[in-house]
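J.: One-letter residues, chain by chain:
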Amino acid sequence: MTTQAEPVLPNAELLDVAETPFQQVWRTFRKDRLAMTGLYVLAALVVLALVGKLLTEWWVVFDPTTVRLPDKLRPPFSHASSVLATDQIPPLGTYPFGTDELGRNVFARMLQGSFVSLSVGIVAVSISLLIGITIGGIAGFYGKRKLGPFGIDSLLMRFTDVVLCFPTFFLILTVVALLPPSIYNIMAVIGMTSWMGTARFVRAEFLSLRERDFVLAAQALGLSESRIIFRHLVPNAMAPVLVSASIDVAYAILTESALSFLGFGVRPPFATWGNILADGRNYIFDAPWLFAIPGSAILLVVLAFNLVGEGLRDAMNPRLRKRAR
Amino acid sequence: MWRFLLRTVWQRFWLLVFISIISHAVIHLAPGQPTEVDPMNPMMKAADIARIRQAFHLDDPFYLQYWHWLRDLLSGELKSFRDGLPVLPKIWDRFLNSLPLFLSTTVIVWTLSFPTGIHAAVKRGSRYDRATTFIAYALISVPGFFLSYMLILAMVQVFHMPVIGLRTFGSEGSAWHLRAMDRLWHLVLPSLMAALTGIAVLSRYVRSQMLEVIDQDYVRTARAKGLDDDTVIYGHALRNALLPFVTMFGFLVPGLISGSVIFEQIFAWPGLGQLGYEAIMSRDFPMILTLNFVAAVLTLLGILVSDILYALVDPRIRVE
Amino acid sequence: MTSPLLSIRDLQVDFETDAGRVPAVRGVDLDVEAGQTVALVGESGSGKSVTALSVMRLMSGRVAGGHIDFRGKDLASLSESEMRRIRGGQIGMIFQEPMTSLNPVFKIGRQIEEVLALHQQLAPTAARAQALELLKRVGIPSPETRLDQYPHELSGGMKQRVMIAIAIACRPALLIADEPTTALDVTIQAQIMVLLRSLQQELGMAVLLITHDLGVVAHFAERVNVMYAGKIVEHGSVRDIFKRPAHPYTRALLGALPDPSARAQRLEAIPGRVPSPTQLPAGCAFCARCKHAFEPCAGKQPPLFEVATGHAAACWLHDATLRRS
Chain A
1 MTTQAEPVLP
11 NAELLDVAET
21 PFQQVWRTFR
31 KDRLAMTGLY
41 VLAALVVLAL
51 VGKLLTEWWV
61 VFDPTTVRLP
71 DKLRPPFSHA
81 SSVLATDQIP
91 PLGTYPFGTD
101 ELGRNVFARM
111 LQGSFVSLSV
121 GIVAVSISLL
131 IGITIGGIAG
141 FYGKRKLGPF
151 GIDSLLMRFT
161 DVVLCFPTFF
171 LILTVVALLP
181 PSIYNIMAVI
191 GMTSWMGTAR
201 FVRAEFLSLR
211 ERDFVLAAQA
221 LGLSESRIIF
231 RHLVPNAMAP
241 VLVSASIDVA
251 YAILTESALS
261 FLGFGVRPPF
271 ATWGNILADG
281 RNYIFDAPWL
291 FAIPGSAILL
301 VVLAFNLVGE
311 GLRDAMNPRL
321 RKRAR
Chain B
1001 MWRFLLRTVW
1011 QRFWLLVFIS
1021 IISHAVIHLA
1031 PGQPTEVDPM
1041 NPMMKAADIA
1051 RIRQAFHLDD
1061 PFYLQYWHWL
1071 RDLLSGELKS
1081 FRDGLPVLPK
1091 IWDRFLNSLP
1101 LFLSTTVIVW
1111 TLSFPTGIHA
1121 AVKRGSRYDR
1131 ATTFIAYALI
1141 SVPGFFLSYM
1151 LILAMVQVFH
1161 MPVIGLRTFG
1171 SEGSAWHLRA
1181 MDRLWHLVLP
1191 SLMAALTGIA
1201 VLSRYVRSQM
1211 LEVIDQDYVR
1221 TARAKGLDDD
1231 TVIYGHALRN
1241 ALLPFVTMFG
1251 FLVPGLISGS
1261 VIFEQIFAWP
1271 GLGQLGYEAI
1281 MSRDFPMILT
1291 LNFVAAVLTL
1301 LGILVSDILY
1311 ALVDPRIRVE
Chain C
2001 MTSPLLSIRD
2011 LQVDFETDAG
2021 RVPAVRGVDL
2031 DVEAGQTVAL
2041 VGESGSGKSV
2051 TALSVMRLMS
2061 GRVAGGHIDF
2071 RGKDLASLSE
2081 SEMRRIRGGQ
2091 IGMIFQEPMT
2101 SLNPVFKIGR
2111 QIEEVLALHQ
2121 QLAPTAARAQ
2131 ALELLKRVGI
2141 PSPETRLDQY
2151 PHELSGGMKQ
2161 RVMIAIAIAC
2171 RPALLIADEP
2181 TTALDVTIQA
2191 QIMVLLRSLQ
2201 QELGMAVLLI
2211 THDLGVVAHF
2221 AERVNVMYAG
2231 KIVEHGSVRD
2241 IFKRPAHPYT
2251 RALLGALPDP
2261 SARAQRLEAI
2271 PGRVPSPTQL
2281 PAGCAFCARC
2291 KHAFEPCAGK
2301 QPPLFEVATG
2311 HAAACWLHDA
2321 TLRRS
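Residue numbers (this note's numbering), protein chains in the order written: chain A, 1 to 325; chain B, 1001 to 1320; chain C, 2001 to 2325.
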C-alpha cells in the first residue's frame, strides 16, 4: 500500500457540530484505547494513593513499619508464621507482596509509597510548570521589548539554553549533595531542572498567538495586558503544556526512583517506590520480588502517564483531527 | 553562511561564559557557616565548610571568587578533596574510559532509530506502527536501572556470562585479539541499556518528523511527477525530515552523561559517571563542580558541531 | 466522433473521518477533448480539487464509484507502475501553492531534470540542456543561473513558472491546473494565465482548469463545468454560461460579481451556506438557498437537463415535462 498525499478534508469547519474544544479533544482521546487504558490506570493510582495513605497512616490496616524478624524475606502470597504476636499479624494473615529483609509487609510499604511517589511527581511538575509558563510566557509576549541593551526574549532564551547544557540528573545530584536531604528539597530540585521544555512550548505558542487577530482585537478594545495574557493567551497555549505535564510527571517519578536507587532520594520515614527498589537491590538473587515489584509498579505508572500524555498530544493535534483517513 | 557561523560562534561563546558562571555559583548553595550545617545531613559536615571556603576562596568578593575558580581549574590548582590531585587530569582519564561507551551508545541509537521511525511513518497505522509505538512507550517508561539489573540477572544466572566492568577479571594475560573481543563484549550490554531510552525517544521523533514531511506539498509534487514511492520517501521526504536532527546532535550529550551516572554504577564502568558518583559520595566539591562544568562544556561543543553541520546541510542557510 | 481525451463518468469519492463517511464527490460527469481548455468552477469545498486529484490517483479518499477514462483506458484499472508512467508523462499537474510545492533542499535544475530523466530517460547533460530550454520557455529571466539556485531564492511567480515547466516538460496531453493563480498577486496571475495559454497552443495540450475565479474562466476557458456540493450543476461553453446561465447557482455566482460598467449596484450575496457534506439534503443541494425553488426541489435531486446544444443544467426548472405553477 502506498502512502498517499492526504489533503485536509475541505470544509472540515462545516461539520456543523457545535462542541467545545474540550469536548472535541475528549471525543478523539476516547477512541485511543492505549490512552484510555493509561487514564484508567492513573485513576486507579490516585485512588490507591489516597486510600493507601489512609490505611497505612491514620486508620492503620496495613502497617508498613512493623518489623517481624521471624518472617523476613517471605515470598508473595505466603502466610504469616504462627510465632507472631497478635498485633504483628497482617490482615488476612498473608503477605500479598511478601516481606522484606526486616519482615515488613511489602504490600503495606508499596501502598504507603504510592502516595509519596505520586505527590513527588505532581508537586515537582507543578513547580516546573509554574516556572516554565512564567518564563516562556514573558519571553513570548514581551519578546521584543528590551531590558537595557538586551531583548527580553533573547535574554530568557539564552538563560534557558544555559540550563539545558547541564546534564539534568547530575545537576540534581549536585544540588541534593549540597542541600539538606528532605522530600521538599527533592521536589523543588526536580521541578527547578525540568521547566525548560515547558518554557519553550509556551514561548512558541505565545509568539504565534500574539500575532493572531483576536489578540489585536483585544488590544483594540483597550484590554489591559495582563488581562489579555491570562484570559486569552494562556488558555490557548495550554495544549502543549498539558501534554508536557503528563510526560513530565512520568519523568519526575523516574528521576525520584533513580535518586533513591543511588541513595540520594527521600529519607525515612517516607517510603517511596524508589526507596523500596533500592533496598531490594541487595537481595536480587535471594528475593527477586523485592526488586521486581516496585520496579514493575514504577514501570506501569510511568507508562500510564506517558500514554495519557501522548494520547492528549494526538487528540489535540488539529491536523490529525481534521485529516481524512 | 559565514555570517551565520560567526554569529553562532559568538553566541556560543557567551553561552560558555554563562555556563562557567553558573557552574561556579552552585557552590553557594552550601551552608555559609559551619553553624548552619544540618546535623541530620550525612552529606555535609561542619568541617567541610572550612575546606570549601578555603578551596573556593569564598571569603573574597564574588568576582574574585569566580576568577580564582577559573584560574585554579585551568592551572591545576583546583584539587580534589579526596586525594589532593588536580581535578582536570582525573576527569580526562575517566572521560577516555567513558568515551567508547558514549560513542557506541550514540551509534546504536542513531542507526536503530531512523529505520524504525521511517518505517513506522510510511506504514502509518499498520501493526508494525502500533507495535513499535507501544514498545517505544514501554522503553521510555521502564527505569533504566531496573531493566539493566534484570538483564544482568539473566546473563549471569542463565547464561553464565560475565558482564560487569571494562574487561573480564584476569583477562590481561590473553592474546590481544581475545582481549579486544572481551573489551567489545563488555561494551555491548551497557551501551545497549543506555541506548534503549534514546532509541525510543528518537524513533518517535523521526516518525513524527517524517509524517509531517510526507504531508508537505512538495511530496505531492514529487508523486505527481510519477516518481516511485521509494524515491519519494527516501529521496525527497527524508532529506527534509533529516534537517532538524542535525541540530539535535548537541543536546543529546547531557542525556549521555546523566545516563552514565547510573549505568556506570550498575556495570562498574570506571568512567565519568562513576567519578561523579564517587565525588558526591565523598563530598568532593571541587570535583563535583568541575564535572558539572565539564559536562556543560561538552554539550556546548556538541551544539557547536551541530550548528556547523546545519549550516552546511541546509541550503536555505548555505546560500544566503 | 472521436472519444474525448479525458472522460469522467459518475465519479464518487468518499472520505472516512471522525464523523463518519463523508461524500466529497457525488457523481460527476466531465469531458475534456484533446487540446481543449475546460474549467471546473466552484467554491471551496465543492469537491473540485478532489475530482482533479482523483484523475491522477493522488487522492487518499476512496473512489466509491464511477470511472475515469484517459485516452480510452480506465485509469482505475491500471497498476500503480502504469499509473506512474502516466503521471508527469502524459498528464501533468500544477498546484495552488507554489511557495511550498517545490522541494526546498534540491536545486531547481535537479527538480526539472528529474522528471525528464524519469519519463524520457535523458542523460544528465541532455536533461540539463532541456531544463534550460524549459526555463526559457516559461519566461524565467537568466535561466542559466536559476538552474543552480534553490527554491527559496525565487519569487512566488517564478516558482509557479518552474512548476509549470516541470509539468509540461514531457509534453503531456493533459495539464491539470488546480487553482494555479489563487495564491499569486493579481498582476502575476495574468502573466501565468497568458503563459499557460501560449503553452497550450504550442503543445496542443488540453487543460483542465480548476478555479473559483470567474474572471480567469471568462478569459481562458472554452467550456465550463460548475460544481456545487459534490455535483456538476451546470456545464456549457463559456459563452453559454456567462450569457445565458441556466442554473440558479450559476446565476447567483455571476450576480455576485461586481460589474465595472454599472455605476451603482448591489452585490447579490447568496443567502445561507453550503450544506455540510455530512448533512446533505435529500433533494437538490442548492434548494435551501435558491430564489426559484419550487415543489420538486426539496424531494429529489435533479439530473442534468439539456438547455441547449452542449449546455445542460441540473435544475428542475429546466425539466420540460414539469408544469411550473
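Some clues are possibly wrong.
Sample of chain C residues at the chain B side, in silico, Cβ under 8 angstroms [stated by the list, open to error]:
1) Asn2103
2) Val2115
3) Leu2118
4) Leu2122
5) Leu2154
Okay, the calculated beta carbon distance ranges per label pair [unchecked claim]:
6) B/Arg1082 <-> A/Thr37: 45 to 55 angstroms
7) C/Pro2271 <-> A/Pro21: 48 to 58 angstroms
8) B/His1160 <-> C/Glu2080: 31 to 41 angstroms
9) A/Gln23 <-> B/Trp1002: 51 to 61 angstroms
10) C/Lys2291 <-> A/Arg227: 38 to 48 angstroms
11) B/Thr1247 <-> A/Arg33: 51 to 61 angstroms
12) A/Arg27 <-> C/Pro2271: 29 to 39 angstroms
13) C/Pro2141 <-> A/Arg33: 30 to 40 angstroms
14) B/Trp1002 <-> A/Thr37: 24 to 34 angstroms
15) C/Ala2076 <-> B/Ser1126: 16 to 26 angstroms
16) B/Ser1282 <-> A/Ser81: 37 to 47 angstroms
These are computed hints drawn from the structure, not numbers from a lab.
The structure presented is a predicted model; accordingly, all values stated were derived computationally and were not measured.
For each residue, glycine too, the CB sits at the ideal point set by N, CA and C.
J.: Holds or violated: the 24 to 34 angstroms window for the beta-carbon distance between B/Trp1002 and A/Thr37?
T.: Given range 24 to 34 angstroms: violated, Cβ gap about 53 angstroms.
J.: B/Ser1282 and A/Ser81, beta-carbon distance inside 37 to 47 angstroms?
T.: Distance hint for B/Ser1282, A/Ser81 holds at roughly 42 angstroms.
J.: Is the hinted range of 38 to 48 angstroms satisfied by the C-beta distance from C/Lys2291 to A/Arg227?
T.: 46 angstroms, holds
J.: Confirm or reject the claim that B/His1160 and C/Glu2080 have a C-beta distance inside 31 to 41 angstroms.
T.: 53 angstroms, violated
J.: With chain B as the partner, please determine if C/Leu2154 meets the hint condition of a C-beta pair closer than 8 angstroms.
T.: 12 angstroms, violated
J.: Please verify that hint: C/Asn2103, Cβ, nearest Cβ of chain B, below 8 angstroms or not.
T.: 4 angstroms, holds
J.: Using the Cβ atoms, figure out if B/Thr1247 sits within 51 to 61 angstroms of A/Arg33.
T.: Because 35 angstroms falls outside the window, the suggested range is violated.
J.: Measuring from the C-beta of C/Leu2122 to each C-beta in chain B, is the shortest one below 8 angstroms?
T.: 14 angstroms, violated
J.: Taking the CB of C/Ala2076 and the CB of B/Ser1126, does the distance hold inside 16 to 26 angstroms?
T.: 24 angstroms, holds
J.: For the range 48 to 58 angstroms, tell me whether the beta carbons of C/Pro2271 and A/Pro21 fit it or not.
T.: Once the Cβ atoms are compared, 29 angstroms apart, the range 48 to 58 angstroms for A/Pro21 and C/Pro2271 is violated.
J.: Please test the hint of 30 to 40 angstroms on the beta carbon pair from C/Pro2141 and A/Arg33.
T.: 58 angstroms, violated
J.: Against the range 51 to 61 angstroms, how does the distance between the Cβ atoms of A/Gln23 and B/Trp1002 compare: consistent or not?
T.: 53 angstroms, holds
Checked against the numbered hints given earlier, the structure breaks hints 4, 5, 7, 8, 11, 13 and 14 and satisfies all the rest.
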